[in-house]
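Just so you know, the sequences run in chain order A and B.
In case it helps, my numbering puts the first sequence at residues 1 to 110.
In case it helps, my numbering puts the second sequence at residues 111 to 223.
By construction, these hints were calculated from the structure, which means they are not laboratory data.
Bear in mind that the values here come from a model prediction, so they are computed numbers and not experimental data.
All residues carry an ideal CB built from backbone N, CA and C; glycine is no exception.
Be careful, since some hints might not be right.
Computed footprint of chain B on chain A; a stretch qualifies when at least three of its residues, placed anywhere within it, have a C-beta under 8 Å from a C-beta of chain B [as the list claims (entries may be wrong)]:
1) 11-21
2) 69-75
3) 98-109
Pairs of lysine-lysine, DSS-like flavour, derived with a Cα cap of 30 Å [stated by the list, open to error]:
4) B:Lys121 with A:Lys63
5) A:Lys69 with A:Lys59
6) B:Lys167 with A:Lys97
7) A:Lys97 with A:Lys63
8) A:Lys59 with A:Lys97
9) B:Lys167 with B:Lys211
10) B:Lys121 with A:Lys68
11) B:Lys167 with A:Lys69
12) A:Lys69 with A:Lys57
13) A:Lys79 with A:Lys69
14) A:Lys79 with A:Lys59
15) B:Lys211 with A:Lys97
16) A:Lys97 with A:Lys79
17) A:Lys42 with B:Lys167
18) A:Lys42 with A:Lys97
19) A:Lys69 with B:Lys121
20) A:Lys97 with A:Lys68
21) A:Lys79 with B:Lys211
22) A:Lys59 with B:Lys121
23) A:Lys42 with A:Lys63
24) A:Lys57 with A:Lys97
25) A:Lys68 with A:Lys57
26) A:Lys79 with B:Lys121
27) B:Lys167 with A:Lys63
28) B:Lys121 with A:Lys57
Distance ranges between label pairs, derived from CB positions [what the hints assert, rightly or not]:
29) A:Glu1 with B:Ser117: 23 to 29 Å
30) B:Leu149 with A:Arg61: 24 to 30 Å
31) B:Trp137 with A:Lys79: 28 to 34 Å
32) A:Lys63 with B:Leu149: 26 to 32 Å
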Amino acid sequence: EDQVTQSPEALRLQEGESSSLNCSYTVSGLRGLFWYRQDPGKGPEFLFTLYSAGEEKEKERLKATLTKKESFLHITAPKPEDSATYLCAVQDGNTDKLIFGTGTRLQVFP
Amino acid sequence: DAEITQSPRHKITETGRQVTLACHQTWNHNNMFWYRQDLGHGLRLIHYSYGVQDTNKGEVSDGYSVSRSNTEDLPLTLESAASSQTSVYFCASSPGQGIEKLFFGSGTQLSVL
């Protein structure tokens, strides 16, 4: 069964304290892995798509990486404005089904 | 600027009533989706459409229906609202074949009392 697990559920960081969020997945054939950012009271906002193991994408302080079993979202020197919930989603290449994880709620304190 | 809008933002209704949530996008995207978001669950797909007159059931479609009469709109109808349908509902769209990145609306908070 397709499954996406994100950890930790919540993460509190001091401004400037780098860390990583994890997304582990089980899918019969990976078509793509997606990262979204969701602010309170808003819909998810697209960040990255990764398609194959070894691929990396960067945007400002965020860097996403992909292996055959998991993806990491690395946050370098975070700022308070990076506080949000980060969602991971995996698309099954056989069914086209998109499965979302439950997210990691990140809080960055000044 | 192109966008995707949902209305209403908040809705309170009673058990058994019919409710329709609106979704309108101005990107001219072929694909549109409805998701619900609940604590402890990832976003779950209710219904989706790949074009006008095309509708498909998602993983949690019981008690919901959609219709696609034009490219811009995909209204979601709860035929007879139940307390289990209290949730935040998100509409999303994408331009091409299959699923690429999704563009989400701001959501509708629905409470069924």
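Each hint, compared with the structure:
no.	hint	result
1	11-21	violated (count 0)
2	69-75	violated (count 0)
3	98-109	holds (count 6)
4	B:Lys121 with A:Lys63	violated, 38 Å
5	A:Lys69 with A:Lys59	holds, 22 Å
6	B:Lys167 with A:Lys97	holds, 12 Å
7	A:Lys97 with A:Lys63	holds, 25 Å
8	A:Lys59 with A:Lys97	holds, 26 Å
9	B:Lys167 with B:Lys211	holds, 20 Å
10	B:Lys121 with A:Lys68	violated, 42 Å
11	B:Lys167 with A:Lys69	holds, 29 Å
12	A:Lys69 with A:Lys57	holds, 17 Å
13	A:Lys79 with A:Lys69	holds, 29 Å
14	A:Lys79 with A:Lys59	holds, 14 Å
15	B:Lys211 with A:Lys97	holds, 13 Å
16	A:Lys97 with A:Lys79	violated, 34 Å
17	A:Lys42 with B:Lys167	holds, 25 Å
18	A:Lys42 with A:Lys97	holds, 23 Å
19	A:Lys69 with B:Lys121	violated, 40 Å
20	A:Lys97 with A:Lys68	holds, 18 Å
21	A:Lys79 with B:Lys211	holds, 25 Å
22	A:Lys59 with B:Lys121	violated, 36 Å
23	A:Lys42 with A:Lys63	holds, 23 Å
24	A:Lys57 with A:Lys97	holds, 23 Å
25	A:Lys68 with A:Lys57	holds, 16 Å
26	A:Lys79 with B:Lys121	violated, 35 Å
27	B:Lys167 with A:Lys63	violated, 35 Å
28	B:Lys121 with A:Lys57	violated, 39 Å
29	A:Glu1 with B:Ser117: 23 to 29 Å	violated, 36 Å
30	B:Leu149 with A:Arg61: 24 to 30 Å	holds, 28 Å
31	B:Trp137 with A:Lys79: 28 to 34 Å	holds, 30 Å
32	A:Lys63 with B:Leu149: 26 to 32 Å	holds, 29 Å
Checked against the numbered hints given earlier, the structure breaks hints 1, 2, 4, 10, 16, 19, 22, 26, 27, 28, 29 and satisfies all the rest.
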